[in-house]
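First to last, the sequence lines map onto chains A and B.
If you use my numbering, the first sequence closes out at 228, no skipped numbers anywhere.
If you use my numbering, the second sequence closes out at 228, no skipped numbers anywhere.
It should be emphasised that the hints constitute simulated quantities derived from the structure, not laboratory data.
Be aware that a few hints might be false.
Unchecked claim - Which residues of chain A face chain B? A few of them, derived with a C-beta cut under 7 Å, are: (1) A105; (2) N106; (3) S113; (4) E116; (5) I117; (6) P136; (7) V141; (8) F146; (9) E148; (10) T154.
Please read these numbers as outputs of a predicted model, since none were measured by experiment.
Every residue, glycine too, gets a C-beta built ideally from N, C-alpha and C.
2 protein chains.
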Amino acid sequence: MSEQKKELAVVLVSGGMDSCVVTAVAAETYRLACLHVNYGQRTERRELACFHEIVKHYDAEKALVVDLPHLAQIGGSSLTDRRIPITPSDSPGEIPPTYVPFRNANLLCVAVSWAEIIGATKIFIGAVEQDAPGYPDCRTVFYRAFNELVRVGTRPEADIEVVAPLIGMTKDEIVRRGVALRAPFHLTWSCYAQQDVPCGACDSCLLRSRAFEKAGVTDPLGTGRSRR
Amino acid sequence: MSEQKKELAVVLVSGGMDSCVVTAVAAETYRLACLHVNYGQRTERRELACFHEIVKHYDAEKALVVDLPHLAQIGGSSLTDRRIPITPSDSPGEIPPTYVPFRNANLLCVAVSWAEIIGATKIFIGAVEQDAPGYPDCRTVFYRAFNELVRVGTRPEADIEVVAPLIGMTKDEIVRRGVALRAPFHLTWSCYAQQDVPCGACDSCLLRSRAFEKAGVTDPLGTGRSRR
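Could you put the whole structure together from the sequences, leaning on the hints where they help?
See below:
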């Protein structure tokens with residue numbers, strides 16, 4: 001079976017539910033090279049632990065953990081700057097305080113450099129446009145532009161393409177897809193604020209609990225119930 | 001005078017001659033935010049010292065030094081991997097062993113994230129297409145694609161543009177431009193192999209010495225003479 005998976009794919013695995021489902025999608029067709037980027041997010045310790053669990057779960061061929069200290073150094077986001085409080089954004093559509101400017105471009109560049117060296121031809125990322133009214137780098141147009149950059153900015157023979165298979169899905173569709181692919185949701189982490197028990201109140205916890213509720217699935221981390 | 005320079009520009013300052021001339025170009029019109037990225041290049045200590053000298057010389061408003069450890073971690077380039085020897089490339093047009101995949105994209109992403117936070121509207125980079133038969137990320141098409149990515153991947157009001165004012169120049173034209181703008185060439189470093197005295201034999205030393213010779217200018221670092 002695995003002998004037939006000839007091509008290698010880099011998968012950006014944050015440790016959250018979206019990247020877990022994306023890993024499940026990629027694992028269907030590709031050999032896996034899992035990449036985790038620590039950019040100083042508050043819940044990094046927990047997310048990194050989830051990354052290693054997911055790598056083990058899928059028996060990934062390669063795993064790489066990379067530090068990008070500059071995003072926290074530059075500041076401006078509540079996700080990396082502890083002086084800015086984590087609060088639910090009042091108006092959906094506004095750029096939330098967790099926004100890290102050009103974050104996905106920074107992460108994808110790491111993935112492209114690695115892909116070119118190891119000969120991977122696909123890069124999977126769990127971006128979701130539905131989350132995106134506030135995040136310019138979670139939209140389809142962003143990935144189209146990024147792929148054009150990859151095409152002209154890498155060796156012609158590298159033939160690398162970024163794919164975002166969840167981009168058009170709703171969060172509950174992602175949960176259902178993950179369930180169908182037996183994605184290990186129990187190994188994921190979503191909370192922006194805490195690392196032991198999900199806070200249940202940050203944007204990311206709210207999105208997750210609503211998704212599981214709507215999909216009619218029990219979240220193994222229990223945030224769904226705690227929101228009732 | 002400086003009161004009239006309203007806009008802030010991020011300038012990528014490696015410490016080499018091209019970025020020094022680009023700093024001189026940017027300083028004509030913009031307030032300066034100088035950015036140096038350490039990605040594990042062999043001559044980093046000397047390049048960083050040059051960066052600080054150039055920042056001081058131009059009295060830059062902001063200066064930021066950022067570590068990108070992953071490019072060396074990923075490997076594959078003689079510029080960051082000490083197991084790969086620095087050798088002159090035999091055939092111009094081939095990708096040289098100093099090539100770091102997608103390097104300029106990685107560096108520019110740092111610049112864009114910083115620019116969005118500090119409100120800079122331009123990002124200057126000293127890329128030169130003439131150096132580029134081997135470097136996919138030194139060509140005009142690359143910067144066109146990158147600017148499209150910036151347009152769709154940042155806040156609409158950020159209005160950031162990457163400019164590469166030397167992109168179409170020959171190396172000797174760059175030297176002449178630098179002389180005209182009184183760029184402090186004595187504060188720069190080009191050698192890929194050594195940090196104390198230029199080796200005079202690596203691709204970068206050869207490019208530099210030929211450029212000064214052709215421009216009829218004495219290189220204050222003396223590499224021109226040492227090549228005779």
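>> Of the numbered hints stated earlier in the document, which are not met by this structure?
In response: none
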